Amino acid sequence: MKKAKKKTLSCGLLVLIGSSFLAGAKADQIKTVAVSEIRYPSPAEERMLARPVDLEVEGTRLFVLDSQERKIKVYSLEGKWLYDIGRYGSGPGEFMHPVDMSIHRGEVAVLDSEAYQVKFFSADGSFAGSFQIGFRGYRLLRLNEETVVLSRLPRVKEKNASFLFYFDRKGKRLAEALKVSSTGNSGVDLVQFGHDLRLGGGKVAVVYKFGQEMAVFLDEKAHRVSSLKPAANHPSLSFRVNFPKQGSRDVQALAFTSAFFGEEIYLVCPGKMADGDLGPSGRVAVLSLKGEIHRFIDFPLAVFKLAVSGDRFFVLDEEAQLRVFALAGGQGAGVGEGRQ
Amino acid sequence: MRQKVGVALLTLLVVGLLVMPVLVAAQSHADYCYDEWERCRERAFEADVGWIKMTLMLTTCDIALGKCLLKV
Chain A
1 MKKAKKKTLS CGLLVLIGSS FLAGAKADQI KTVAVSEIRY PSPAEERMLA
51 RPVDLEVEGT RLFVLDSQER KIKVYSLEGK WLYDIGRYGS GPGEFMHPVD
101 MSIHRGEVAV LDSEAYQVKF FSADGSFAGS FQIGFRGYRL LRLNEETVVL
151 SRLPRVKEKN ASFLFYFDRK GKRLAEALKV SSTGNSGVDL VQFGHDLRLG
201 GGKVAVVYKF GQEMAVFLDE KAHRVSSLKP AANHPSLSFR VNFPKQGSRD
251 VQALAFTSAF FGEEIYLVCP GKMADGDLGP SGRVAVLSLK GEIHRFIDFP
301 LAVFKLAVSG DRFFVLDEEA QLRVFALAGG QGAGVGEGRQ
Chain B
1 MRQKVGVALL TLLVVGLLVM PVLVAAQSHA DYCYDEWERC RERAFEADVG
51 WIKMTLMLTT CDIALGKCLL KV
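Protein sequences, first through last, are from chains A and B.
Under the numbering used here, think of the first position of the first sequence as 1, with each following residue one higher.
Under the numbering used here, think of the first position of the second sequence as 1, with each following residue one higher.
It is worth saying that the hints were derived from the structure and are not from the lab.
Just so you know, these numbers come straight off a predicted model, no measurement behind them.
It is possible that part of the hints are untrue.
[To be verified] Distance condition first, Cα-Cα at most 25 angstroms in a straight line; then the derived BS3-like pairs of lysine-lysine:
#	chain 1	residue 1	chain 2	residue 2
1	B	K4	A	K245
2	B	K71	A	K157
3	B	K53	A	K157
4	A	K159	B	K67
5	B	K67	A	K157
Kindly generate the complete structure, drawing on both the sequences and the hints.
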């Protein structure tokens, strides 16, 4: 036990990043577009959230999952609050600690990590069932009508553990994929395995925040079908991390967060924050599913969370306030129906 | 011979009865520590902070886990 503590402590001290930020962006030739904020008459308090952890657009509604309030707040695409789904509790239709959600054809799936459950709701908020998953999940994706995909990060010291799990709608485990081993340090594990789960081109996209690989795509049987490497002009930032066994080395930060819409990937580029930390910038890189950068979108604030629907962008700012933007000058395809 | 086997089995049973609760308690304590650690890790992931601060928070969670595991 003493040895375990000693190791944990030494790893803990090793984690700290010697943050030498080296801007890697060489993206002068790529078109940059601006956005303008849409201001609505609805009161600001309707758009203030306690701890929003996910944003999703489905049809003409925006869903925002708030893990502290233990509810999903539903808004119009103009940012007007309409109604809430769920409340705190351990009963049907209640949340202990919701951490992620995914919507498919009007049905909302929510990962409640504290309850070790996935819970389902219709878009109007009525409870539509749940199942147990047997572990604390990290991210959730509804792949299709029948399949729910969950990810988990390894526990400290855990070796060769599955990272992705496919379940059917009733909770039967269908497949596992992507074995990983913990480095023995949670901070370094975040750098190694931190990701979003998105639906891209009908495939499960594991979008990594750091490293050499930007995204991995898996099919409905959990087979890896392709991967994306960052383009040479990808606006990444390099910083130094001390790995417990391998020592100090540079790591590329690729994206703070991501969103998919249609056949495009929206990556919030990493940047230097006002307090000197490494976090989100106001620049979003728009990529094809093959990884080519189409354009950049510049927001007038750091983008902590993002959802996209056509030419409309839903952003959570540093103060957890929901902001709505549109492409300046009327560019874009208009507000779309449904999110890819 | 039969008596010796009986004594050995009885000794094993007594030792088992004495040790089992300790092992079970240790296991449940470790489970508690890991649950708390995962809650701590989730709070770090949800914080709207940059990566360096998040990494520091995660390191604090690891240290707390080490301390918790030692308190058996």
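Structure-based check of all given hints:
Note on B:K4 and A:K245: the hinted pairing is violated, with a Cα-Cα distance of about 51 angstroms set against a maximum of 25 angstroms. Only pairs whose Cα atoms come within 25 angstroms are accepted, and B:K71 paired with A:K157 is accepted, the gap being roughly 19 angstroms. Of the pairs offered as hints, the one joining B:K53 and A:K157 holds, with about 22 angstroms between alpha carbons and a cut-off of 25 angstroms not exceeded. For the hint pairing A:K159 with B:K67, the CA-to-CA distance comes to about 22 angstroms; that is within 25 angstroms, so the pair holds.
A threshold of 25 angstroms between alpha carbons decides the hint, and for B:K67 with A:K157 the separation of about 16 angstroms falls inside it, so the pair holds.
The structure fails hint 1 only (numbered hints given earlier).
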